[in-house]
Amino acid sequence: MTLLLQYTLIFASVLMLVALGGCFAEHSGVINLGLEGIMVIGALGGALVMRYMPADTSALVMVLTVMLGAICFGVIYASLLGVACINFKADQTIVGTALNMLGTAGATVLVKAINTAANPNDVSSVIQYVGAKKNFLVNIGGFEFNWFMLIAVIALVIAYVVLYKTKFGLRLMACGEHPQAADSVGINVYKMRWCGVLISGVYGGLGGITYILAGVSEWKFENGVAGFGFLALAVMIFGQWKPTRIALAALLFGLFRALSNVYMGFDFLYSLNIPSTVYNMMPYIVSLVVLAFTSKSSRAPKAEGIPYDKGQR
Amino acid sequence: MKKNIFKNPAVQAFIASLICIVLGLLIGYIVLLFINPSGAGEAIVAVVKNFLNSSRSNLRLKNFGNTLVKTAPLLMCSLSVLFAYKVGLFNIGAAGQFVVGSCACLISSLGWGWSWLPCLLFTILVGAAYGAIVGLLKSYCNVNEVISGIMLNWIGLYTTNMILNTVKEPTSPYTLHMATEAPQAILPSLGLGELFSGNKYVTIAIPLAVILAVVIMVLLDKTKLGYELKATGNNKNAAKYAGMAEKRNIILTLAIAGALAALGGAFLYQTDYEQWSVTQSSVPGMGFNGIAAAFLGGLHPVGAIFSSYFIQHITNGGAYVDLTKYSSQISDLISSLIIYLCGFVLFIKYAMNKSIAKREEKQAQKAKLASDTEKGGDGK
Amino acid sequence: MAETQYAIEMLNITKKFPGIIANDNITLQLKKGEIHALLGENGAGKSTLMSVLFGLYQPEEGVIKKDGQVVSIKDPNDANDLGIGMVHQHFKLVECFTVLDNIIMGVEPTKHGFLQKKEARQKVLALSEKYGLQVDPDALIEDITVGMQQRTEILKMLYRDNEILIFDEPTAVLTPQEIEELMQIMKNLAAEGKSILFISHKLAEIMAVADRCSVLRKGKYIGTVETKNTTMEELSAMMVGRNVNFHVEKKPAAPGDVILDVKGMTVASKVHKNNAVKNVSLQVRRGEIVCIAGIDGNGQTEFVYGLTGLEPLVSGSIELCGQDITHASIRKRSTSGMSHIPEDRHKHGLVLDYTLEDNMVLQRYFEPEFTSKAGFLKRGPIRAYAEKLIDQYDVRSGQGPVTIARSMSGGNQQKAIVAREIDKDPELLVAVQPTRGLDVGAIEYIHKQLVAQRDAGKAVLLVSLELDEVMDVPDRILVMYEGEIVGELDPKKTTQEELGLYMAGAKRDEVSP
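Chains as they are written, first to last, in the numbering used here: chain Y, 4 to 316; chain L, 1121 to 1500; chain U, 149 to 661.
Be a bit skeptical, because a hint or two may be false.
Computed cross-link-like contacts, PhoX-like style, restricted to lysine-lysine with a CA-CA straight-line distance of at most 25 Å [what the hints assert, rightly or not]: (1) Y/K223 - Y/K299; (2) L/K1486 - L/K1474; (3) L/K1350 - U/K495; (4) Y/K92 - L/K1486; (5) L/K1469 - Y/K92; (6) U/K572 - L/K1342; (7) U/K480 - L/K1344; (8) L/K1482 - U/K164; (9) U/K596 - U/K526; (10) Y/K299 - L/K1367; (11) U/K480 - L/K1356; (12) L/K1356 - U/K418; (13) U/K278 - U/K265; (14) L/K1474 - Y/K92.
No lab work stands behind these hints: they were computed from the structure.
My request is simple: use the sequences and hints to build the entire structure.
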C-alpha cells in the first residue's frame, strides 16, 4: 500500500510539474507539444550533473545542482520552440513534434558519445546514478520520500500565485486570451510568450529529471520518457488549464500509472490476471474518455496556437 | 514581362525544402564536430552516401533495395499525414495507425494463416476504423485530433504488444518470421527483387506506395471529393454554408488517413524485413518520420515520394557511420533537425517573395527612370 | 512657448503604402475640451491616420504636436504616455477576465509584484461615479452587455488619466438608448476638459454630439467645418464627393404567390441561455423585397442561420415554394431554390485560398454540369462558367478565374458571391447585409441587382442594419427586436424616426404574418 502511495505521489509530481509547464506556455498563447522532448533533455541535464558530480557531494548541493542542470537544459531546449513559434511564426504542432523527436535522438547521440569516449566498447545510451540517487530519497518508515514531491508542491503553489496574484500572471494570461488587447495596453506580447515558453522549459526540465529518478537508478535515453509528456498534456486539459485542478488530475493519472508498477503487490488485482500492459494503457484510455466528455465545454486559452503578428489587427 | 520562376509555388517549395535539408545537415555536422571533431565530415558523408558506401556493386544494389523497402511504409505514413493536413487536420495519430496496421497484418497472417491480399484488406479496414475514432471524437465530441491521436498512439502500442504476444517466438520478444511461418502472406515480388540483385524483401509494396501517392494526388486535385475536403480544410464554415457534410468529411478523411498509415505497417511487415518486438515501450518513429516527410515534401504527394526516400536514405545511412566515434542515431538527429527546420518553411517562402517583390520594384523603378530619360525629361 | 488651444495636432501627414497613398497631406487639429468628429467612408484613410497617431505606422511626411510641441510617437506606449487613449470598434477586452482586471491591465498597481486590487477598485468606482459610467467591477466581460463593455473601455482610458479620448465607430454595436447614453457620456467627458475625437460615418450622430467635424475622402483631407454651421447634406457631399442619389430607382412591386412561409420559428442563442429568435412568423412573396431591419444582435443572424439550415430550429416550420424544408439539409434547401448571400463573406461566403473559379461553383460543383459520374471535376466547364459570371457581373481580379480569392478587393469578392448566388436562379434570395463594407459604387450595383431579381419574379429577403438601405430598397419592412418581429412598415409611408422607435423597442404592433 505504501508502495502504491509512493509511486502515485512521485508519478503525480512528474505529471503535475510538466502539466504546469504546459499550462504556462498555453496561457501565454503557445501550444507546447514538445513537452516530451523537453522532459528528455531536462532529464539529460540532471543525469549529466549526477554523473559528473563527485560522489561525496553533500545531499543539498547535489539536489540543487541536479535541479539547476535540469532547469538549464529544459530552458535552453524550450527556447528552440520559442524562436520558431514566436519569432518565426512556425506551426506550433510541427515544431513541437520535431522537438520530441529531436530530444530523444539528440540525447541518445550525446550519451552514446560520452559513453563511447569513456569506454570504446560501451555503445549504450545509459547513464547510471545509483549513488547520486540516494541524495533525493528519505526513508520514512518504509515510505521512500523523494524531495521532488516537495518541489512539485512548491512549484504548484508558485504557479498558482504567479498566475492569479501577480501582474505578470494577469499579463501572461491576457496574451493567451486576446493578444491584441494586451498589445493595445502596452504589453509586449512576444516577451510574455517567451516567458511562458521558458517557464514551461523550467517545469518540463524538472519534470523530466523527476521522472527518471522515480524508480530506477539508471536511464536508457533511447527510450525517451515513454509518453509522459503527452500524458501531462492530457492532465493539463483535464485540469482545464487551472493549477489546482491540474494537481488533482495529476494525482488521478499518477494513481493509474502507479498501479501498473505495483498491481502485483495486491492479491485482489493480481488474481484478476490482467496483463500489465492494460494498466499501462489505462491512463491514456481514461484521458481519452474524459476528453470525449469534457471537450465540448473546453476553456482553453482562446488565442493559443495562433502566432501573434503585430502588423495584423 | 518575363515570368520569374522563383514565383512558382512548386519551385519555392522545392527550394525551401532544399534549404531545410542543407541546414539540417550543416547543424548535424556542427553537432558531430562537438562530439568528435576528427571524423565529423566523414560521418556526414557516410550518412548521405548510404548504400553507395558499399564497395561491391551487387551489395550496393541490394542495400538500395533495402532503403526502398523501408521507404514504402514511410511514404504511406507521410501520405496519411499530408492527406489529413490538406483537410486541416494534423494526423499525429499516423504513428498509432501504422502500429495497429502492423498488428492487423501480423495477427491475420501469423495467427490466422491468411494469405497476403486478405491480410492487406484487413489491415486497411482496421486502420480506417482506428483513424475514424479520431474523426468521430473530433466531429462529435470536439476533441482535438492531435491530443486524441497521441493517446491512441499509446493505446495502439500496448494493445498491439498484447495481441502479438500470441504469435511471438518462444525465446525472443520478436514475432515469428513470416518467411518460414506464413510464407503465403509475404507480398508478391513479381520479379522485382531480381532487379536489386536478388533482394527478397523488394516486393510490390514499393510500386504500390508510389501508385497510391499518385492516386492521392488525383483524388485531391481532380475529384469532387478532393474539392470538398480541401474546402473543409481551408474554411469549414464556408464548407458548411455550401452544404458539404463537414462531420462526414472529417471522419472520412481520418479513416482514409488511417488506412494509408496502416498499409504502411503491412508494407513493412509483410515483407518479413523486420519483426515486431512485443516489449517495445515507445511508439515506432515511422509515423513521426511520416510527418517530417510530408512537410519536407511540401505537403504534395509527389514531393512526399522524394522526401520519404530522402529521409529513409539518411536513416539507413546512419548504419554506415564509424560506430567507434558516433552512434547510428545521428541520422535520427539529422532528420529531426530537418523537420524542426520545416517549421520555418513559411518564413522562408515569405522571405523569398519579399526579396522578389523588392527586386521587381527596383527593376520597375529603373525601367521607369530609363524611359523618363529617353523621353528627354519632358516632364521636368 | 505660447499657450495653444490645441490638445493634439496632426499636421500635413502623408503615409504611403505600395501602390496607394493612404493619407495624403492630412491635417487634423483637436481643440482642448471639444468633441471633434472624423468623418469618412470605408477606405478614406481614417484608420491609417489613427494608426499613425498611435505609432503603429511612421508617416513619410508631417508632424504630430501635443500642446503645441512636436512629439515623436514610435509605438502605442508613447501614445499612452502622452495621454492618448482609444476605444476600438472591436473592443480590446479579455473575455474571461473581470471588468476590473481589464481596466487595470498594463498599469496594475502592485506591491512587490503582487496585485493590489483594492485601491484599483476604489479608483474605478470613483471614476464611474464621476462620469456616470455604471459598471460592475467584478463581473466577467463575457457576462455583461455590449454597453457595459464599452463603458469598461472608457474607464480603461480614464483610469490611465488620458486627456485625449478617441472613439472609433462607437455606436455600431449599441442600441438607440445606449447610443443616447454614450452621447451624454461624451458630453460629460468634454465638459470635464477631456478632448474627444469621434470617428464615424453616421451623420446624425455627428450633428448631435460633435462641435467640429473633419472630413476625409480617398486618403485626402477635404476640410473641417463647425457642425452648427452645416447640414447633413453638406457633410454627406463632402464625404462622398457628390450628392449621392440615396434613392434606388424601382417600379412598384407586384407581389405574387407566397414563396417563403416561416411559422413560429424559434432558434436558440449561442451567447446566452434565452432563445435568440422567438416565435417568428413571416412570408415573402414572389416579386417583392422584404427587409428585416433591426439593431445588430437582435436575432437577425440567428434567424438567417435557422432559415438557411446553419443552425437547427428549436421549434417552428419553414416552407419554401410549398415544400416543407424545416428539417432539410443545407444542400437540400439550396437545391430547392434558396440562395444565400451570407453576412460574413470571409467566414461563410468564400474559401479564401481557392481560386475565383472554384469559388464561383461553390454551390453547384456537384451538379452533372461540373462533376462527371465518376466523381471527377470537369475543369473546362468550370472555367467557362466562371468566365461567364466574371464577364456578366463585372468581377475584377488580377488573373481572372485563377485569381486566389484572398487577393481580391472586398467589393469584388462580394460581387463574386452575388453573381454566384443570383446565377443559381433561385426562387428565394436571402441577402444578409449584402453591402457591408463596400464603397458607394458597389452598393448601388448590388441594390440594382436585388431590384432586378425582384422584377424577374423572385422573392428577396434582405437583412440590413443600414437605415438608408432599409428605407430605400425593400417593398416591406419587418422590424426585429430582441428576437421578435415587432412591426411591419411600408417604406414609402414611414419615416426614419418611426423606424428608429421600432428598432429601439420603444414601439411595437401585433404583427400578423
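Inset, instruction - Sort out which numbered hints this structure fails and list those numbers smallest first. - result: Numbers 1, 4 and 9 - these are the hints that the structure violates, sorted from lowest upward.
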